Amino acid sequence: MTKRLFIISNRLPVSVAKEDDKVIMKVSSGGLISAMKGYVEFSTSKNTDEFDKRLWVGVPGCSPASWAGVESKISGEFEYLPVFINNHVYDNYYNGLSNSVIWPLFHYFPSYAEYNTKYYENYLSANHEFFEVICRSLREDDTIWIHDYHLLPLAAMIREKFPAITIGFFLHIPFPSYELFRLMPPKWQEGLLTGMLGADLVGFHTIDYATHFLKSIQMVLGLEDERNIIKYKNRLVKVDVFPISIDYEKYNSAYNIKEVAILRDFYHTQFQNKRIIFSVDRLDYTKYVLGRLKGYETFFKLYPQYLEKVVFILNLIPSRDSIPNYINRKREIDEFIGNFNSRVGNIKWKPVIYQYAHLEFAELMALYTSCDIALITPLRDGMNLVAKEFVASRQDKNGVLLLSEMTGAARELTDALMINPNDATGIAEKIKEALDMDKSTQENKMTLMQKRIKNYDVNIWAEDFLTQLRSIKNKQKQFEFIFLDNDARRLLIEKYRNAGKRLLLLDYDGTLVPFSSLPQQSAPDHSVINVLSKIASDKHNHIFIISGRDSNTLQKWLGQLPINLIAEHGSKMRLHNKEWTAEVSSNDDEWKTVIQSVMDTYVKRCVNTFVEQKEYSLVWHFRNADVDQAKIRSAELFSELCTISNQFNLQVVQGNKIIEVRMRGMDKGTITKKLLSENDYDFILACGDDSTDEDMFKLLATNEMAYTIKIGDVASFAKFNLYTPQMTVSLLDTLSGSAPELYL
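Counted from 1, the sequence shown has number 121 at position 118 by the working numbering; the numbering is strictly sequential.
A few of these clues could be false.
[What the hints assert, rightly or not] Computed list of lysine-lysine pairs in DSSO-like fashion (alpha-carbon distance at most 27 Å, straight line): (1) 76 - 56; (2) 76 - 261; (3) 498 - 677.
[Stated by the list, open to error] The calculated label-pair distances, taken between Cβ atoms and stated as ranges, are: (4) 604 - 64: 46 to 56 Å; (5) 491 - 31: 11 to 21 Å; (6) 454 - 210: 19 to 29 Å; (7) 231 - 320: 47 to 57 Å; (8) 470 - 308: 35 to 45 Å; (9) 705 - 436: 28 to 38 Å; (10) 604 - 5: 53 to 63 Å; (11) 439 - 351: 56 to 66 Å.
Everything labelled a hint here was simulated from the structure, so no lab data went into it. Just so we're clear, the structure is a prediction, and the values are computed from it rather than from any experiment. C-beta atoms are modelled at their ideal positions from N, C-alpha and C, and glycine is treated no differently.
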């Protein structure tokens with residue numbers, strides 16, 4: 004069957020316009036378009052492309068009639084699926100929520116955000132239009148790659164109709180800290196986050212953005228991650244970092260293009276005996292063009308000896324001209340440059356040469372390779388591919404990159420001269436340092452940066468993302484809800500009866516007995532005691548109750564039985580007819596005082612919650628609290644405890660209506676590994692209901708002798724599920740020989 008990749012972005016990589024009464028199609032520009040075209044060309048030439056067909060879904064920027072006039076003439080790497088959206092809806096979706104709320108907020112300009120309800124409603128409507136277009140062509144075995152902030156809810160819409168489909172999402176802008184994200188109305192916060200979690204893989208440029216996203220997921224949705232993997236709606240969602248890059252060879256080889264060489268010679272002649280600083284950016288307040296101009300102005304104040312010896316070529320690319328903040332920004336820049344040139348320049352020399360227009364590729368390459376300094380100073384930027392383009396273009400290994408530390412690219416291009424865009428004096432000083440830098444130092448820095456970009460170019464970026472997308476889909480297959488039906492149950496019983504040495508690992512609460520509103524009310528009834536006693540009487544069985552309960556409670560309730568007890572997730576153990584022993588090396592109580600104080604505060608802030616003190620852990624219970632209040636408070640407490648835990652080497656775990664703090668190394672996976680090392684078993688049964696049991700299930704996932712069973716109707720790393728504790732007891736009763744081989 005044909006393998007298909009759907010690439011979904013706000014705009015198609017082509018635009019349709021009328022010129023001289025003719026409808027023509029033009030190839031658009033942009034980082035995403037260049038990235039995807041470069042990847043497809045590379046993978047096709049290397050015969051590594053896994054897809055037989057690639058479809059691009061987006062808005063064409065024209066009427067259906069105009070599109071129909073050019074559609075038959077379209078050819079190339081992609082088949083295009085146009086999305087036509089009502090103009091009013093599109094305006095509120097694109098200029099409204101996308102660029103007047105999400106863009107400023109995610110770029111740390113909260114005062115620019117306009118929280119208009121119609122923006123959000125039309126944003127959802129526009130995303131639904133994308134959904135409708137996609138679904139007409141979609142199959143369950145397709146792969147979908149959604150791009151950027153315009154389409155945050157889309158993955159969840161698709162997931163609802165195609166539960167098993169493969170979806171990746173990549174955000175090309177920063178993701179803000181939770182303190183900024185929470186400025187949006189709560190309904191919007193939840194809608195955007197759950198939309199993104201419809202994907203199997205959520206990608207960001209930097210670890211900072213990924214961390215902010217995980218924090219918001221925790222605070223808004225109450226979900227925790229384990230090594231950047233979130234369990235959500237019976238699926239695993241991976242959050243990872245993929246710093247987007249460029250087609251290195253394209254920009255590096257452009258140095259030798261004849262047209263580029265001619266233009267480069269022209270610039271060297273035009274600005275003979277002058278050093279060139281170059282900037283190219285879209286018109287956007289996040290780029291803080293005014294800041295770099297002020298830094299350049301300060302440079303001449305501090306170093307007047309450079310007057311008439313330096314020229315700053317500034318090219319701004321038109322963008323979002325209809326949004327007031329952009330119009331105002333352009334006016335400020337125009338006025339500043341006009342005033343600056345008239346004050347500082349003269350008839351023979353202008354300090355700033357300014358153009359507001361798109362640059363052709365050859366002209367851009369000529370300016371990259373002619374300049375002495377590339378000045379890039381955004382206040383906030385998801386990545387900034389201009390910095391990478393400049394570095395890649397310098398085949399001569401000359402030139403200096405002055406880069407804002409606020410860009411995603413600063414994480415990789417560490418050999419650039421870093422600047423704070425708000426520090427005019429700092430910018431001026433770095434310009435001086437760059438102009439004075441010797442050729443040998445320039446070459447060393449440029450060589451190191453080029454190596455990084457070449458080793459992780461756009462082709463590696465796309466391949467890395469798609470590889471990780473396949474990986475998480477494979478991992479999801481291990482994390483499923485599979486009911487232990489009668490056929491599987493009969494096979495389990497057969498293997499049990501044929502085994503000579505059996506290990507039974509049984510959780511307590513939620514596995515053998517139902518949960519109670521208070522922990523002390525969950526004592527085992529006669530049926531549980533009876534079945535444990537009978538199954539323990541078989542000399543081939545080694546039974547361990549492995550619980551989060553404290554040792555005193557387990558001893559009181561189960562100590563009379565001929566079984567082994569493990570308390571507090573492995574902290575203490577009592578083998579049958581022996582004394583309790585500690586399985587952890589120390590239990591310094593200093594951390595308990597700190598954690599107890601924090602938990603006590605949340606007991607006061609959230610009615611009907613309480614703290615349970617154990618020998619090796621502290622537990623905050625919120626089963627009896629108001630659901631909505633508990634959701635907020637548990638997220639806040641979890642976040643606060645995670646911050647404190649680093650000071651004491653503690654682990655913070657969210658269980659079934661609890662938050663537990665314990666020493667690291669205390670988990671059911673660790674104690675299970677210890678038990679397996681001490682004996683050889685030819686049958687293993689492990690049952691549990693909680694997230695704390697997943698460590699045990701994962702450890703046993705590849706063990707052919709093991710049956711792992713999750714109690715509850717949620718996906719798990721366990722091989723099977725049973726619905727209730729009563730079904731667990733029924734299964735054990737059957738294994739003991741007391742019950743018939745069917746569900747009771």
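Consistency of the hints with the structure:
As the CA atoms of residue 76 and residue 56 are separated by approximately 18 Å, the hinted pair is consistent with the 27 Å bound. For a cut-off of 27 Å, the pair hint linking residue 76 to residue 261 is broken: about 31 Å separates their Cα positions. For the hint linking residue 498 to residue 677, the alpha-carbon distance of about 23 Å falls within 27 Å, and the restraint holds. Checking the proposed 46 to 56 Å range against residue 604 and residue 64 shows it holds: the Cβ atoms sit about 54 Å from each other.
Range check, residue 491 to residue 31: Cβ separation about 54 Å, and the 11 to 21 Å hint is violated. A hinted range of 19 to 29 Å for the beta carbons of residue 454 and residue 210 is consistent with their spacing of about 21 Å. Separated by about 35 Å at the C-beta atoms, residue 231 and residue 320 break the suggested range of 47 to 57 Å. Between residue 470 and residue 308 the CB atoms are about 54 Å apart, so this pair departs from the stated range of 35 to 45 Å.
Roughly 56 Å separates the CB atoms of residue 705 and residue 436, a value that falls outside the hinted 28 to 38 Å. At roughly 58 Å, the beta-carbon separation of residue 604 and residue 5 lies within the given 53 to 63 Å, and the hint holds. In this structure the supplied range 56 to 66 Å is violated for residue 439 paired with residue 351, their Cβ-Cβ distance being about 25 Å.
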